[in-house]
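Chain order of the listed sequences is A, B, C and D.
For the first sequence, the positions run 1 to 216 when full-length UniProt numbering is used.
For the second sequence, the positions run 1 to 216 when full-length UniProt numbering is used.
For the third sequence, the positions run 1 to 216 when full-length UniProt numbering is used.
For the fourth sequence, the positions run 1 to 216 when full-length UniProt numbering is used.
None of these hints come from the bench; they were simulated from the model.
All figures in this text were calculated on a predicted structure; none of them were measured in a lab.
Keep in mind that a hint or two might mislead.
If several chains are the same, the list does not tell them apart, and a pair holds so long as it fits within one copy or across any two.
Heads up, simulated EDC-like pairs for lysine to aspartate or glutamate below, C-alpha to C-alpha not over 16 Å straight-line [stated by the list, open to error]:
(1) 5 with 81
(2) 99 with 186
(3) 19 with 204
(4) 150 with 119
(5) 99 with 185
(6) 5 with 172
(7) 181 with 96
(8) 150 with 140
(9) 5 with 185
(10) 150 with 165
(11) 131 with 81
There are 4 protein chains.
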Amino acid sequence: MHRVKSLPQYLLDRYQEWKEHTFPESQEWFRQLAEKGQRPRAMVIACCDSRVAITSIFGQRTGELFVHRNIANLVPPYTPDGQHHGTGAAVQYAVETLKVQHILVMGHSHCGGVRGCIDMCSGKNDALLEKDSLVGRWLDVLRPGFDRVKDIEDASIREVALEKEGIQISLENLLGYPFVKRAVDDGRLTLHGIWADISDMGLETFDGAVRRFSHN
Amino acid sequence: MHRVKSLPQYLLDRYQEWKEHTFPESQEWFRQLAEKGQRPRAMVIACCDSRVAITSIFGQRTGELFVHRNIANLVPPYTPDGQHHGTGAAVQYAVETLKVQHILVMGHSHCGGVRGCIDMCSGKNDALLEKDSLVGRWLDVLRPGFDRVKDIEDASIREVALEKEGIQISLENLLGYPFVKRAVDDGRLTLHGIWADISDMGLETFDGAVRRFSHN
Amino acid sequence: MHRVKSLPQYLLDRYQEWKEHTFPESQEWFRQLAEKGQRPRAMVIACCDSRVAITSIFGQRTGELFVHRNIANLVPPYTPDGQHHGTGAAVQYAVETLKVQHILVMGHSHCGGVRGCIDMCSGKNDALLEKDSLVGRWLDVLRPGFDRVKDIEDASIREVALEKEGIQISLENLLGYPFVKRAVDDGRLTLHGIWADISDMGLETFDGAVRRFSHN
Amino acid sequence: MHRVKSLPQYLLDRYQEWKEHTFPESQEWFRQLAEKGQRPRAMVIACCDSRVAITSIFGQRTGELFVHRNIANLVPPYTPDGQHHGTGAAVQYAVETLKVQHILVMGHSHCGGVRGCIDMCSGKNDALLEKDSLVGRWLDVLRPGFDRVKDIEDASIREVALEKEGIQISLENLLGYPFVKRAVDDGRLTLHGIWADISDMGLETFDGAVRRFSHN
Numbered sequence: 001m002h003r004v005k006s007l008p009q010y011l012l013d014r015y016q017e018w019k020e021h022t023f024p025e026s027q028e029w030f031r032q033l034a035e036k037g038q039r040p041r042a043m044v045i046a047c048c049d050s051r052v053a054i055t056s057i058f059g060q061r062t063g064e065l066f067v068h069r070n071i072a073n074l075v076p077p078y079t080p081d082g083q084h085h086g087t088g089a090a091v092q093y094a095v096e097t098l099k100v101q102h103i104l105v106m107g108h109s110h111c112g113g114v115r116g117c118i119d120m121c122s123g124k125n126d127a128l129l130e131k132d133s134l135v136g137r138w139l140d141v142l143r144p145g146f147d148r149v150k151d152i153e154d155a156s157i158r159e160v161a162l163e164k165e166g167i168q169i170s171l172e173n174l175l176g177y178p179f180v181k182r183a184v185d186d187g188r189l190t191l192h193g194i195w196a197d198i199s200d201m202g203l204e205t206f207d208g209a210v211r212r213f214s215h216n
Numbered sequence: 001m002h003r004v005k006s007l008p009q010y011l012l013d014r015y016q017e018w019k020e021h022t023f024p025e026s027q028e029w030f031r032q033l034a035e036k037g038q039r040p041r042a043m044v045i046a047c048c049d050s051r052v053a054i055t056s057i058f059g060q061r062t063g064e065l066f067v068h069r070n071i072a073n074l075v076p077p078y079t080p081d082g083q084h085h086g087t088g089a090a091v092q093y094a095v096e097t098l099k100v101q102h103i104l105v106m107g108h109s110h111c112g113g114v115r116g117c118i119d120m121c122s123g124k125n126d127a128l129l130e131k132d133s134l135v136g137r138w139l140d141v142l143r144p145g146f147d148r149v150k151d152i153e154d155a156s157i158r159e160v161a162l163e164k165e166g167i168q169i170s171l172e173n174l175l176g177y178p179f180v181k182r183a184v185d186d187g188r189l190t191l192h193g194i195w196a197d198i199s200d201m202g203l204e205t206f207d208g209a210v211r212r213f214s215h216n
Numbered sequence: 001m002h003r004v005k006s007l008p009q010y011l012l013d014r015y016q017e018w019k020e021h022t023f024p025e026s027q028e029w030f031r032q033l034a035e036k037g038q039r040p041r042a043m044v045i046a047c048c049d050s051r052v053a054i055t056s057i058f059g060q061r062t063g064e065l066f067v068h069r070n071i072a073n074l075v076p077p078y079t080p081d082g083q084h085h086g087t088g089a090a091v092q093y094a095v096e097t098l099k100v101q102h103i104l105v106m107g108h109s110h111c112g113g114v115r116g117c118i119d120m121c122s123g124k125n126d127a128l129l130e131k132d133s134l135v136g137r138w139l140d141v142l143r144p145g146f147d148r149v150k151d152i153e154d155a156s157i158r159e160v161a162l163e164k165e166g167i168q169i170s171l172e173n174l175l176g177y178p179f180v181k182r183a184v185d186d187g188r189l190t191l192h193g194i195w196a197d198i199s200d201m202g203l204e205t206f207d208g209a210v211r212r213f214s215h216n
Numbered sequence: 001m002h003r004v005k006s007l008p009q010y011l012l013d014r015y016q017e018w019k020e021h022t023f024p025e026s027q028e029w030f031r032q033l034a035e036k037g038q039r040p041r042a043m044v045i046a047c048c049d050s051r052v053a054i055t056s057i058f059g060q061r062t063g064e065l066f067v068h069r070n071i072a073n074l075v076p077p078y079t080p081d082g083q084h085h086g087t088g089a090a091v092q093y094a095v096e097t098l099k100v101q102h103i104l105v106m107g108h109s110h111c112g113g114v115r116g117c118i119d120m121c122s123g124k125n126d127a128l129l130e131k132d133s134l135v136g137r138w139l140d141v142l143r144p145g146f147d148r149v150k151d152i153e154d155a156s157i158r159e160v161a162l163e164k165e166g167i168q169i170s171l172e173n174l175l176g177y178p179f180v181k182r183a184v185d186d187g188r189l190t191l192h193g194i195w196a197d198i199s200d201m202g203l204e205t206f207d208g209a210v211r212r213f214s215h216n
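One chain only, chain A, in its complex shape (with noise of 0.2 Å):
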């Protein structure tokens, strides 16, 4: 641990420039969400990838959005086996301790997470086979949707179609989890899809009617 030191330099930089010229503005309503606590109305999984800009696009004022980020915004099938499972604590805690109203399941174009799963699925990446691949793994949660994209042909509509059956996939983990299944059924929750176009931003979202994504 002798190495872990301090920030990056650029990072500290931009830290004490926000702290002393953009902080001042709101640090009332800081120190106010400090002492009453949160009440996030909604919770948004999202991917890790950089360029999803979510507190961005929803105007979110700091305390409004839950946010659970991981890798090609997946949630796995429930698994209440004693062990470690981020996502699943992330959407108990949403639910039974900050009772959210809304749960968004938000996929993106152009995700590597999903590509990374299409090329383990079709012999293109062997070390995602492998047993000790983390990443392989969590995108093993995919695998239900590739088998229902292989086979059209054009690549990029491909990657797009499996981008929005793993929010589907999700959506249907989700309500496994039997305290969110309890919460939709008592109209506590709702659960929503959406998918954003990274290259210009349009934003697609899930009607489960008709199981079809389509433009706001």
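We have chain A; now place chains B, C and D onto it with these hints.
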């Protein structure tokens, strides 16, 4: 799935506002990022808490930070058991595919997850002890830290102490991932621990040599 | 002129921070605006006051608002006497060259200029009466309004009343500029009066038909 | 005045969006600024041009910059003739009442006002020569600069040269205001000239000792 429909109207309104009035200034930047792919310099592992304003703090422009967010910003121990491990997958993708130069573990004050761990370990929340409590089993990652702070009498000092122990545990666990260890040993990657007081946004950084946090 | 040197360091630091970290997202937008020329849809006439955050309020993107700012957001009467008239020049350029569709006169609470006019007209600040007081002579534009509010006993109500009188005087003066009158008559231009309470940023708009301000 | 009504709907929509979603974070800051009064450290004299993003460039928080904006960011010569002089009034208020420490005259590339002055002085726009052209009479302030650049053959180089001459003329005129001269002599006030290329937002600052602009 028939109940999954569109977006909550208030979020849709804000998206459309942003898309029409703010996005145009950056559209070419987004288009190029989509085309050329992301090249983030750093990964941040932070909490899902709606009050943790990472992208603001670091004056981040779209495309700079690869962000994983989970409850209490934890990194579980390396477990190559073939199961789904979202945090490990995100770290592996950041280090091996994106080749980020820095990983920041960012903790914060008033953390509901850390408070939950204290309640669980001190017998005040038995529900978290159940095998099927996803939150409880996730917070098990933080248990070794509880033993080191349990004798602190003042509740809020104990809480901050455990928030900081959590950062150290995560940094140590990170070094247990073979691909992280190799990158750090080769000088390709540096690890950093920071703790933010969300009531005044003061930042403390961790100095591994003396195992202590100090103000910036 | 030998004393004129560079920039105050704190402003240079912030410029460089902005240039390096924020500007890149918008650089293509700026480049195109420079190349194609500005096409602002509206002109705003506002106060120089550092607390009047026009561009924030209207979610303005660069290139949308043509902004003239002077003490107390005043438009003097039309005076084609061959002398320098900065406000009239700005209005003429906006209407004849840029062909803006709207002119907003935006007043605000706690206006030091308006307070100065009250002090001057009620004998509490004789310096402002001197012929060579540039501030005093500028505030003469507001004098006709003082007569209409001078009998209001409550000082802060009188102040707000004069702030709103000032907006109406400026709107009336605007209609005295022949190129403004013509554009309004032809339906090419609309005039608007707004008053902002800078303590809570509430906005009131002026309805010319009933000569009254009302909340939005 | 019966035609003056409310706000253009698109601006009202944006105001309401800002008021509801962005303003709450800063409301306490605004409230205190209203209560305590403004204390801006610097005054900026800039152009009305919609592409000159002053508050962005200097990472300004509300309350920091006192801003006067007119066509071509000009300061006319000191004229204590008892008439309305908006620019002089703004400067006097900044120096004597607010006691700002710095005045920045900020010019920019692609300035329509400067181009208009060139057209007027070189016989290409006779309308600007009319006595009642408010734009033309305002641009007379810049005329002495035209004589110094008129022999430059390349049109765009001549334009930039006049933009920079204008900044110097304004700085010299500023020193002709007795209250400015005194404050500078006493070391209470510094003057600064900057020129921004709005196509790439590069900034040049004026060094009075060598009478030259150089990059930052």
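Taking the hints in turn, this is what the structure says about them:
1. 5 with 81: neither (37 Å within a copy, 32 Å between copies)
2. 99 with 186: within (12 Å within a copy, 45 Å between copies)
3. 19 with 204: This pair counts as between: shortest inter-copy Cα distance 13 Å, intra-copy 36 Å.
4. 150 with 119: within (11 Å within a copy, 48 Å between copies)
5. 99 with 185: within (14 Å within a copy, 44 Å between copies)
6. 5 with 172: Between copies, since 14 Å is at most 16 Å while 43 Å is not.
7. 181 with 96: within (12 Å within a copy, 37 Å between copies)
8. 150 with 140: within (15 Å within a copy, 39 Å between copies)
9. 5 with 185: Classified as between; 15 Å across copies, 49 Å inside a copy.
10. 150 with 165: within (12 Å within a copy, 46 Å between copies)
11. 131 with 81: between (19 Å within a copy, 7 Å between copies)
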